[in-house]
Amino acid sequence: MLEISAVKVAQVAMMAHELTRAEGELRASIDSMGQDEQAELVAIMWIGRDSFDVSDWTEAMATARQEANTPTADYLIGTPHLADNLETGLDALGTDVQAVA
Numbered sequence: 002m003l004e005i006s007a008v009k010v011a012q013v014a015m016m017a018h019e020l021t022r023a024e025g026e027l028r029a030s031i032d033s034m035g036q037d038e039q040a041e042l043v044a045i046m047w048i049g050r051d052s053f054d055v056s057d058w059t060e061a062m063a064t065a066r067q068e069a070n071t072p073t074a075d076y077l078i079g080t081p082h083l084a085d086n087l088e089t090g091l092d093a094l095g096t097d098v099q100a101v102a
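Just so you know, the sequence shown maps onto residues 2 to 102 in the numbering used here.
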């Protein structure tokens, strides 16, 4: 289902936990991703915060692509509880963040 690697998502989550120290690295990491990976990252975060259910993956991806009107890094960094939502989203999608981190 995921094109983005779970390792990349886990790395973004780890940097988000240390946002005050790692914001530049986090921005660079997100900016270096392709549009599809960025959309998946947003969709995973939305699933983690219960904006979408796992069964709504296709809709979450379509919405992430349609609403990509600000830089993804800005959007994600401005999202409260980013790290927790990414971890919860990955878990909901069947990937144990602790196993890939």
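Treat the hints as calculated values from the structure; they're not laboratory data.
Be aware that a few hints might be false.
Restraint-style ranges between C-beta atoms, simulated for each label pair [to be verified]: (1) Asp75 to Met15: 13 to 21 angstroms; (2) Pro72 to Met15: 28 to 36 angstroms; (3) Gln99 to Arg66: 24 to 32 angstroms.
Note that the Cβ used here is the ideal one computed from N, Cα and C, for glycine as well.
Cross-check of the supplied hints:
no., hint, result
1, Asp75 to Met15: 13 to 21 angstroms, "holds, 19 angstroms"
2, Pro72 to Met15: 28 to 36 angstroms, "violated, 21 angstroms"
3, Gln99 to Arg66: 24 to 32 angstroms, "holds, 30 angstroms"
Violation of the numbered hints given earlier is confined to hint 2; every other hint is satisfied by the structure.
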